[in-house]
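Asks: Below are the chains, spelled out letter by letter.
There are 2 protein chains.
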Amino acid sequence: MKKWIPIATGLLAGFMTAAISFADFSNHSNTVAANSDTKSNAEKVYVPFGQKDEYYLFASGGHSGQMFIYGVPSMREIRTIPVFSPDPATGYGFDSESKKMLGGYTWGDLHHPALSETNGDYNGKFMFATDVGNSRAAVVDLKTFTTKDIIKIPNTSGPHCAAFVTQNTEYMFLPTRFATPLGQKYEPLDQYSKKYRGVMSAVTFDEKKEKLHIAYQVALPPWSYDLSDAGKKSSGDWAVMTTYNTEEATSTLEINASQADRDYIVLFNWKQLAQMVKDGKYENVGGQKMIFPEKEKGAIYLIPVAKSPHGVDVTPDGKRFIAAGKLAPTMTVFSFAKAFKAIENKDFAGERNGIPVLQYKSVMEREVNPENALGPLHTQFDDKGMAYTTMFISSEIVKWNPNTGETLDRVPVQYSPGHSVAAEGDTVAPDGKYLVALNKLSKDSYLSVGPSHPESMQLIDLSGKKMKVIQSVPANPEPHYAQMIKADKIKTINVYPKDPNNPDAVYKQKDTRIVRKGNEVHVYGIAMRSRFIFDHSAKRPDSVEVNQGDKVFFHLTNIDFDEDITHGFAINNYNLNMEVQPGQTNTIEFTADKAGTYPIYCTNFCSALHQEMTGYLLVKPK
Amino acid sequence: MKKWIPIATGLLAGFMTAAISFADFSNHSNTVAANSDTKSNAEKVYVPFGQKDEYYLFASGGHSGQMFIYGVPSMREIRTIPVFSPDPATGYGFDSESKKMLGGYTWGDLHHPALSETNGDYNGKFMFATDVGNSRAAVVDLKTFTTKDIIKIPNTSGPHCAAFVTQNTEYMFLPTRFATPLGQKYEPLDQYSKKYRGVMSAVTFDEKKEKLHIAYQVALPPWSYDLSDAGKKSSGDWAVMTTYNTEEATSTLEINASQADRDYIVLFNWKQLAQMVKDGKYENVGGQKMIFPEKEKGAIYLIPVAKSPHGVDVTPDGKRFIAAGKLAPTMTVFSFAKAFKAIENKDFAGERNGIPVLQYKSVMEREVNPENALGPLHTQFDDKGMAYTTMFISSEIVKWNPNTGETLDRVPVQYSPGHSVAAEGDTVAPDGKYLVALNKLSKDSYLSVGPSHPESMQLIDLSGKKMKVIQSVPANPEPHYAQMIKADKIKTINVYPKDPNNPDAVYKQKDTRIVRKGNEVHVYGIAMRSRFIFDHSAKRPDSVEVNQGDKVFFHLTNIDFDEDITHGFAINNYNLNMEVQPGQTNTIEFTADKAGTYPIYCTNFCSALHQEMTGYLLVKPK
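Here the protein sequences come in this chain order: A and B.
For reference, each letter of the first sequence is one residue, going 1 to 622 in the numbering used here.
For reference, each letter of the second sequence is one residue, going 1 to 622 in the numbering used here.
Just chain A, with the same shape it has in the complex:
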């Protein structure tokens, strides 16, 4: 572990101390819990058949590009929602619509999911996410748990510091982790401070059309923007984000971006930014409206913070925000009211890159320093407004009172928590009850699966006097952040309703048909338990013959309007598979470039005669 902080030898000594007190602490915690709690950990997390979990957990899937859905408290993974990467299991990226949406990308890096909000509370309608790998943003409809729109964000490189939504989902902001020249043009790194920029995009969402749209962008200094949060209530027009590498180092950031004692919190007023756009105070860059803060002042400010901070989190009452240097032993509580006053009074400590810097002391309310805690990354809140901060280096969760700075409780987690998520823990009304630590390392926690270990999530019970880890589960790569929403807020549909306006849909056997237009073959077919019907009038209704080189479209409607009766559609040796959920119509298109005889089959077990749900694609040689 020594290798982790090669530049911070002072901290290393601190860590060694922490490790010792940590072991003591662990014993203490277990004893107290055993005495005070009659229900076993096992019983607390067990959800017997016939009952359901109380919360949905939406975990980012990191470099898988997908989103993972768990139930809490059982911590069972219910589903993977494919978002930024293809998903062979569901045909996502294979059927025409999702293939077009993915636009040829085969990989994504999904960070920091964000649920849609009304008055600062989750409304259960949509989930937003961003792709650090290929600079995209997406929206998932929670009626169907499917991705509805993906947009590519020009001028930017890796919107890691996202997604976060304002309290009525007016905007989702996407600041970037990497600085590049605008439009990612080629520029030598010697030109870094002059020519490179971090860019924040303001994205709006049309709920009716289910479409994302870039409203404007802001050309921030060439720093890394790490995490962010929107204000709430009295701070609702504002948002905050953390920065690192304000040193503007261009190599070996491990050392060179950890030189300055302080980096910055960026504080901005999004209503004023919108007004600037309205007033034409922007330049057109690559088709986007770009605000340059060094030219257009009055909406963006900097607040010094302990170096290289990770998370910044607004308290449920909207009055404070909390951030900390990630190598530091200290959390810092800042006051929005103080910041607003400092802005009003122009209480500035000069400018940095043309942006006013507020005085640290004028905005800071309190520094909180739990003994031997190290590496504070991210903070969540409970129903009493108490804060829970993950300590990456000392591998623990610290509970503390943001009003007084008092440390209330600590619990070790295994190992190296990045974020944590409490039940509705970043809304105006957290639930308390549960916190999940999202741990980066699992080491020896589970049966070994070779050199590559899973990540780990640990469920912590917040209902007793002391926090208690009650369950540990391995996680696929890699939960960076998650949000936990009360289950009854989400209203799914069980079956897709008939769509009389869909020209590709066929609901009656007699309407199935094969239509040829030049070298295009359109099959309007149905899937039902347990057969395909592509043309009811054919000798073999479940076979299709085309000519080599034809462009073939299978439009397939699942006419089993019954819960959980999904059909698949695969063509053997043609590398094709898609899913048609109950009531849904889906299209798969391909060029029949290989002559021969290719079985068609249902890939989604649908009945006792599922194995018989087959047909043939015959491709006549040229």
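Just so you know, the hints here were simulated from the structure itself, not pulled from any lab data.
There could be a bad hint or two in this list.
To be verified - Computed from the model, here is a short list of chain B residues facing chain A with C-beta under 8 angstroms: (1) R76; (2) R79; (3) Y105; (4) T180; (5) Q184; (6) G375; (7) S448; (8) P454; (9) E478; (10) A487; (11) V495; (12) A608.
Claimed, not checked - To be clear about the criterion: a stretch of chain A counts as covered by chain B if any three or more of its residues have a C-beta under 8 angstroms from a C-beta of chain B, and this derived list gives those stretches: (13) 183 to 194; (14) 527 to 541; (15) 593 to 601.
Where is the CB? At the ideal position from N, CA and C, for every residue including glycine.
Place chain B on chain A using the hints.
Replies: Below, chain B alone, put in the same frame as chain A:
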């Protein structure tokens, strides 16, 4: 549910009765269990932190193309092993080696995993699997839980009836689910009985080279081959597989392949097949040695069985095999000794497609008919030799004695189990203890995730007097079969050892370098906490400049020889990501066709300064 068996009205009435007695049975079962068992279900499945699961469960991932690894009894998913589909999370299909192995396929349909065996017992070394979607076979090394070889199987279409290995892993057999003309050539379906064939491939495995090889193939009749099992002990030279569509129907199999009262079990002697190959009794078909059983007799026989059977399973003592029509109410126990005697006596009921048919009555030992049980699919065994059969239609597991036919116990599962898997339940020495039902439908079992529901696995405790379902977990699509192996049989490595013979590996900073050969750029770099070093002598060791159009190779070695310290390597907006596990060297290659400035970053959280582990790829415009 009525729609499921449209052709079997008699069975439907049976099902209605089954549903009634089923409810009674369920209540009865719960009462007994509650009286006889002091440990709660929750306690039975809970594995506290610091302890580990007792078994690994290897579940096929069906149309995801992957394999899912769970711990038992906790039923926590530990890992996904990418096999037949790309996996953005680990870079499988992105790095040069795995990309070549996948050969351009972006989808697979993984069925029926098979662990390597010694003397009919799992030896914990390798896992085999087949791809129904694109007709491939693969092997996974259980030291690293990574796929080591994939081969394409020519002449065949969908090796569903696989993989199963002989008792010392001499062969893995791959019979196909779909009949096509040999080589999948174009032939009208009117020629089906004449020109189409089902093909079984015999595949060998070179453990040292970790390579699969097709030894020979057998041109079986144009039927569907569904499931299979190798003999054990006295039946060790033999194997059995089920068939359906012996009607040779070419359309709407749901009806047309359910006409004949009986289909067949194929019984074959693989030592005799090997001898035939040795004796040159084969034809060369598309580069493969193909045995035609109607010409070369003496190794393959047919045994009539109730129509459309799914599973066929050999008892642990190797004396019997069990199969059943999947729409039937009856399991049939066959005797190997009787079959061998019938073969010796040429006790045939004629031939079918040139293959001798044994008399059903001469081979059948017993028909077992638990009251109102419907849809027997697949059977597993416990340490006492007792059988557990999944009933797809009546949604239950039936425990019965294959020696007497006595029904011993029944337990409902939710819903529609396909296979089940017992602890080492298909070896010569099952463990008893646990059975997992792999259920096709979950319906209302978990929090809803929209019209597409997860599958479901249920853990059944076999240790008490009565079977008891003690846990239900959702599963990603789609566990067809699984194998459960005692955890201590698998010996993983934690870190890849240094490989002095790998020309791409670099273990010392001073050996990092960038080598240009014409328009090829080879980067020999290292990844370590928390920086990239591509060329230690450069001004910026973590940046690489190339010319637009260059072919770029990043050879990257992870020199953190520490458990669980995996690094990722992504290039922003270049749609590239790979993983380098501790000690591993991996290569990613691409053409730098886009000019510009592209951040490089580590995707696998590796230390407190992971966010700083970045660099740049600069692509100079032409």
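Asks: Does the closest beta carbon of chain A sit nearer than 8 angstroms to the beta carbon of S448 of chain B?
Replies: With Cβ-Cβ at 4 angstroms, under 8 angstroms, it holds.
Asks: Please check whether G375 of chain B passes as an interface residue: C-beta within 8 angstroms of a C-beta belonging to chain A.
Replies: Holds, because the Cβ-Cβ distance from G375 of chain B to chain A comes to roughly 6 angstroms (cut-off 8 angstroms).
Asks: Quick check: do three or more residues in the segment 183 to 194 of chain A have a beta carbon closer than 8 angstroms to a beta carbon of chain B?
Replies: Since 7 is at least three, the answer is holds.
Asks: Against chain A, is T180 of chain B within 8 angstroms by beta-carbon distance?
Replies: With a minimum Cβ separation of about 5 angstroms from chain A (threshold 8 angstroms), the hint on T180 of chain B holds.
Asks: Go through the hint on R76 of chain B and say holds or violated, using the shortest Cβ distance to chain A against 8 angstroms.
Replies: 5 angstroms, holds
Asks: Using 8 angstroms as the Cβ threshold, decide whether Y105 of chain B counts as touching chain A.
Replies: Since the shortest Cβ distance to chain A is 5 angstroms, the answer is holds.
Asks: Could you check if P454 of chain B really has its C-beta closer than 8 angstroms to a C-beta on chain A?
Replies: 6 angstroms, holds
Asks: Apply the coverage criterion to the segment 593 to 601 of chain A and chain B: a residue qualifies when its Cβ sits closer than 8 angstroms to a Cβ of the chain, and three qualifying residues are needed.
Replies: holds (count 6)
Asks: Closer than 8 angstroms Cβ to Cβ for three or more residues is the test here. Does the segment 527 to 541 of chain A pass it with chain B?
Replies: Holds, because 6 residues of the segment 527 to 541 of chain A bring their Cβ atoms closer than 8 angstroms to Cβ atoms of chain B.
Asks: Does R79 of chain B hold up as a contact with chain A if the rule is Cβ-Cβ below 8 angstroms?
Replies: 4 angstroms, holds
Asks: Tell me if the interface restraint on A487 of chain B is satisfied: Cβ within less than 8 angstroms of some Cβ in chain A.
Replies: 5 angstroms, holds
Asks: Under the criterion of a CB-CB separation shorter than 8 angstroms, is V495 of chain B in contact with chain A as hinted?
Replies: 6 angstroms, holds
Hint check: no violations occur; every hint is consistent with the structure.
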